[in-house]
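Line order of the protein sequences matches chains G and F. First residue of the first sequence: 15, per this note's numbering; consecutive thereafter. First residue of the second sequence: 2, per this note's numbering; consecutive thereafter.
Mixed in with the good hints there might be a few duds.
Calculated pairs, EDC-like style, for lysine to aspartate or glutamate (alpha carbon to alpha carbon, straight line, at most 16 Å) [said to hold, decoys possible]:
(1) F:K3 / G:D185
(2) F:K113 / F:D227
(3) G:K132 / G:D218
(4) F:K144 / F:D392
(5) F:K3 / G:D27
(6) G:K178 / G:E214
(7) F:K3 / G:E296
(8) F:K275 / F:D264
(9) G:K212 / G:D247
(10) F:K3 / G:D151
(11) F:K146 / F:E110
(12) F:K146 / F:E65
(13) G:K178 / G:D151
(14) F:K275 / G:E360
(15) F:K3 / G:D299
(16) F:K183 / F:E235
(17) F:K3 / G:E123
(18) F:K144 / F:D170
(19) G:K178 / G:D218
(20) F:K113 / F:E65
(21) F:K146 / F:D264
Chain G is nowhere near these chain F residues, computed Cβ spacing over 10 Å in every case [what the hints assert, rightly or not]:
(22) H55
(23) P185
(24) Y297
(25) Q372
Read the hints as simulated data drawn from the structure, not as lab findings. The beta-carbon is built from N, C-alpha and C at its ideal position, and this holds for glycine as well.
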Amino acid sequence: MGHGLTMEFAFSDEQAMIAETVQAFFRENATSERTREAMAAKGIDRELWSDFCTELGLSGVGLPEEHGGAGLGMVEFAIVAEAAGAWVAALPLLGLATAARAIAAGGSEAQKAEWLPKLISGEAIAACEGAPGLAEDGGRLTGAITPVPYGALADVFVFVAPGKAWLVRGDAVGVGVTPQVTMDQTRPFATVTLDGAKAEPLADAAAAIAAVHAGGWICLAAEALGGAQATLDRTVAYSRERVQFGRAIGSFQAYKHRLADMMVDIEQARSAVYWAACAVNEGSDEAELALHAAKSFCADTYHMCAGNMIQLHGGIGFTWEHDAHLFFKRARSILTMLGDGQWHREQVARLIMGAAA
Amino acid sequence: MKLGFSAADEVFRAECAAWLQAQMAGPFADIRGIPNLCDAIPRRKEWEQQLAAHKWSCIGWPEEWGGRGATLAQQVIFAEEYARAGAPNRINHIGVELAGPTILAFGSEEHKANYLPGIAAGTHIWCQGYSEPNAGSDLANVKTKARLEGDEWVVNGQKVWTSLAHYSDMIFVVARSEEGSKGPKGISFLLMDMDQPGIEVRPIRQINGEAEFNETFLTDARCAADAMLGARGEGWKVAMALLAFERGVSTLGQQMQFRNELDAVIDAARANGKASDPVVRQRIARAEIGLRLMRYGALRMLSGTDPTVIDGAALTYKIQWATWRRDLGELAMDVLGQAGEIAAGDHYAWGMLPNMYLYSRSDTIYGGTNQIQRNQIAERGLGLPREPRGDL
Numbered sequence: 015m016g017h018g019l020t021m022e023f024a025f026s027d028e029q030a031m032i033a034e035t036v037q038a039f040f041r042e043n044a045t046s047e048r049t050r051e052a053m054a055a056k057g058i059d060r061e062l063w064s065d066f067c068t069e070l071g072l073s074g075v076g077l078p079e080e081h082g083g084a085g086l087g088m089v090e091f092a093i094v095a096e097a098a099g100a101w102v103a104a105l106p107l108l109g110l111a112t113a114a115r116a117i118a119a120g121g122s123e124a125q126k127a128e129w130l131p132k133l134i135s136g137e138a139i140a141a142c143e144g145a146p147g148l149a150e151d152g153g154r155l156t157g158a159i160t161p162v163p164y165g166a167l168a169d170v171f172v173f174v175a176p177g178k179a180w181l182v183r184g185d186a187v188g189v190g191v192t193p194q195v196t197m198d199q200t201r202p203f204a205t206v207t208l209d210g211a212k213a214e215p216l217a218d219a220a221a222a223i224a225a226v227h228a229g230g231w232i233c234l235a236a237e238a239l240g241g242a243q244a245t246l247d248r249t250v251a252y253s254r255e256r257v258q259f260g261r262a263i264g265s266f267q268a269y270k271h272r273l274a275d276m277m278v279d280i281e282q283a284r285s286a287v288y289w290a291a292c293a294v295n296e297g298s299d300e301a302e303l304a305l306h307a308a309k310s311f312c313a314d315t316y317h318m319c320a321g322n323m324i325q326l327h328g329g330i331g332f333t334w335e336h337d338a339h340l341f342f343k344r345a346r347s348i349l350t351m352l353g354d355g356q357w358h359r360e361q362v363a364r365l366i367m368g369a370a371a
Numbered sequence: 002m003k004l005g006f007s008a009a010d011e012v013f014r015a016e017c018a019a020w021l022q023a024q025m026a027g028p029f030a031d032i033r034g035i036p037n038l039c040d041a042i043p044r045r046k047e048w049e050q051q052l053a054a055h056k057w058s059c060i061g062w063p064e065e066w067g068g069r070g071a072t073l074a075q076q077v078i079f080a081e082e083y084a085r086a087g088a089p090n091r092i093n094h095i096g097v098e099l100a101g102p103t104i105l106a107f108g109s110e111e112h113k114a115n116y117l118p119g120i121a122a123g124t125h126i127w128c129q130g131y132s133e134p135n136a137g138s139d140l141a142n143v144k145t146k147a148r149l150e151g152d153e154w155v156v157n158g159q160k161v162w163t164s165l166a167h168y169s170d171m172i173f174v175v176a177r178s179e180e181g182s183k184g185p186k187g188i189s190f191l192l193m194d195m196d197q198p199g200i201e202v203r204p205i206r207q208i209n210g211e212a213e214f215n216e217t218f219l220t221d222a223r224c225a226a227d228a229m230l231g232a233r234g235e236g237w238k239v240a241m242a243l244l245a246f247e248r249g250v251s252t253l254g255q256q257m258q259f260r261n262e263l264d265a266v267i268d269a270a271r272a273n274g275k276a277s278d279p280v281v282r283q284r285i286a287r288a289e290i291g292l293r294l295m296r297y298g299a300l301r302m303l304s305g306t307d308p309t310v311i312d313g314a315a316l317t318y319k320i321q322w323a324t325w326r327r328d329l330g331e332l333a334m335d336v337l338g339q340a341g342e343i344a345a346g347d348h349y350a351w352g353m354l355p356n357m358y359l360y361s362r363s364d365t366i367y368g369g370t371n372q373i374q375r376n377q378i379a380e381r382g383l384g385l386p387r388e389p390r391g392d393l
């Protein structure tokens with residue numbers, strides 16, 4: 015049988031090495047203790063973010079090298095987000111995926127030069143949100159945007175509306191921020207109010223919006239994939255240790271079959287994330303469909319897996335002490351963030367059959 | 002990491018697509034897209050021979066046995082173009098995809114010379130003698146007995162769910178050759194001629210009205226002592242290796258058929274206005290996403306550096322596509338409404354979508370039920386403890 019392989023839908027050696035490095039970094043550093051400290055404070059592990067940005071040097075993945083970025087592409091970014099998601103790391107990675115990419119894709123040279131190096135080094139934090147209801151008057155914006163993930167910690171905001179994208183400095187006059195008690199404490203929300211706040215339009219709004227979509231949806235889909243795989247791995251480990259009725263509970267079919275169903279969906283989620291990442295990299299005409307598929311499928315998979323993690327751990331899985339709820343709450347947050355499953359699936363339907371009559 | 006195939010593979014795609022489409026538009030237009038496996042058997046045998054005459058019957062085999070030594074990528078491409086052209090399901094799928102690769106892997110030079118040319122030429126149709134009334138999911142429980150008499154095996158027992166046995170020339174049989182053995186030990190893998198007095202085939206009618214599979218009774222059926230793959234009593238290894246072929250590249254061509262089926266559902270929804278129903282749109286979108294993920298899962302499987310390693314994507318593939326198609330069948334009937342429950346003619350025969358709805362109920366059973374698949378995923382993929390047997 016001929017086994018010569020000409021397909022390359024698998025990690026290159028370099029990509030496999032990045033995956034190994036970034037997973038080791040989060041395994042070592044994004045411990046439950048540190049995440050819980052961050053949850054009890056402002057929802058960020060500032061030291062971890064600084065180490066991630068400077069020591070590991072992977073914050074610039076997918077961002078231009080002339081502004082401190084690391085080059086590379088969406089596959090490498092997905093690898094990073096998958097690892098961060100596996101440890102529910104309390105980090106503002108989503109802002110890099112959305113706001114920083116919007117500035118890189120649609121901003122002026124001056125905007126890029128001012129913000130990208132600071133965002134990549136971790137010195138500044140960015141947040142991004144859709145804001146269709148803002149009133150614009152003479153370069154000033156008025157209105158409320160909620161919820162904004164990591165909004166209370168952001169040094170710079172990118173707000174997008176159909177055909178428009180603005181950059182707003184966190185310290186600008188007229189910017190008010192109110193942190194919200196958020197179910198997922200590892201990525202807390204805030205309300206941002208703008209009262210005639212100065213806004214700099216991003217020159218190429220269409221490019222900025224496309225960058226926000228691609229970066230944001232891939233980031234969430236990859237985080238969801240990493241999180242879902244982690245819930246499976248941890249539940250498998252538990253099921254081999256925990257003994258009831260004289261047997262490891264992982265030997266019972268009712269239990270095994272649920273884990274198997276998790277694996278079936280996780281493998282599809284993995285295909286979805288890396289299909290979408292490659293499609294974006296290659297400018298494929300499937301890219302839009304792939305992004306909607308990845309965001310909706312991975313979010314559903316993560317939520318199903320995290321729910322199963324609680325169920326399959328029994329009472330201990332319902333305690334604050336156990337990490338199951340960190341996954342479950344992150345999964346819940348991802349389900350709705352940047353468009354819920356129904357909206358994304360309607361986009362898929364529109365792409366394959368046109369708008370509903 | 003990249004999507005898609007190499008430029009050389011795309012040249013290959015153009016070549017096979019052109020040939021297949023010309024065949025289906027020309028000399029074999031009468032069997033283009035026929036949905037039922039048992040229709041037009043003589044014409045389908047001619048089609049097998051036409052494929053063979055142009056070296057398209059078993060492209061993954063080595064050239065010396067009538068193949069093209071095609072790469073996995075090329076086999077996938079051929080399977081895709083085969084379905085895209087609307088060519089009918091291969092009547093000798095079991096010979097080409099299962100028996101052939103197993104003979105290539107385990108057979109002697111003599112076995113290869115005896116059996117491969119007939120498969121490659123499309124003249125010898127094969128069927129699979131695995132399941133028995135008491136050995137379905139628990140295949141190791143086979144009771145069919147083989148005893149050596151002089152230079153012949155004499156085989157007695159009953160096989161069931163033998164697809165296409167009533168049109169087959171050859172059958173491979175797993176039979177218990179070692180007296181008093183139990184489970185996977187003591188089984189031999191035999192290659193038998195169907196045309197003999199000791200083999201009787203009785204068709205079994207299925208829920209869609211067709212009779213694609215059969216009961217096969219073996220009463221002092223015979224084959225030569227050396228018509229056996231693997232060592233005597235060690236046929237289980239061969240039987241399992243064959244199943245790995247079944248779960249491998251041979252299933253990938255189905256995806257283009259699934260594409261045709263999903264497109265037919267979308268067309269039906271457009272025709273009766275349900276394409277504007279938001280619930281139907283959600284379900285169609287889910288089906289579309291599932292189909293795309295099936296494709297990229299398959300590409301991940303085939304992009305692995307070592308094709309013998311069963312990774313997560315490969316292990317989960319069967320339950321994934323079987324469940325997807327069952328769900329598509331339900332969606333198809335919901336879209337068609339009661340029109341889907343009324344046959345077009347005056348006998349019990351079904352068009353593409355209602356037939357798929359009924360047929361897909363077997364997808365989650367044959368080749369390892371969804372429940373057995375979940376056991377395998379849990380045991381082999383996740384390393385969970387094996388289910389204890391009740392009788393060993």
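* Asked: Hey, K178 (chain G) versus D218 (chain G), does the alpha-carbon distance stay inside 16 Å?
  -> 9 Å, holds
* Once the closest CB in chain G is found, is it more than 10 Å from P185 (chain F)? -> Correct as stated: the minimum Cβ-Cβ distance to chain G is 20 Å, above 10 Å.
* To do: Sort out whether E65 (chain F) lies within 16 Å of K146 (chain F), counting only the CA atoms.
  => Given pair K146 (chain F), E65 (chain F) is violated - Cα atoms ~35 Å apart, limit 16 Å.
* To do: Please work out if K3 (chain F) and D151 (chain G) have their alpha carbons no farther apart than 16 Å.
  => 46 Å, violated
* Assess, step by step, whether the Cα of K3 (chain F) is no farther than 16 Å from the Cα of D27 (chain G), and give holds or violated. => 13 Å, holds
* Are the Cα positions of K178 (chain G) and E214 (chain G) separated by 16 Å at most? -> 11 Å, holds
* Asked: Is the Cα-Cα distance between K183 (chain F) and E235 (chain F) 16 Å or less?
  -> 12 Å, holds
* Taking 16 Å as the top limit, are the C-alpha atoms of K3 (chain F) and E123 (chain G) close enough? -> 31 Å, violated
* Holds or violated: K3 (chain F) to D299 (chain G), with C-alpha atoms at most 16 Å apart -> Distance of about 14 Å is within 16 Å: holds.
* Could you grab the alpha-carbon distance between K146 (chain F) and D264 (chain F) and see if it respects the 16 Å cut-off? => Not OK: K146 (chain F) and D264 (chain F) at ~48 Å, beyond 16 Å, violated.
* Asked: Taken at face value, is the distance from the CA of D392 (chain F) to the CA of K144 (chain F) at most 16 Å?
  -> Distance ~15 Å between K144 (chain F) and D392 (chain F) Cα, so the pair holds.
* Is K146 (chain F) within 16 Å of E110 (chain F), Cα to Cα? -> The hint is violated at about 27 Å.
When the structure is compared with the earlier hints, violations turn up for hints 1, 3, 9, 10, 11, 12, 17, 18, 21, 24, 25 and for no others.
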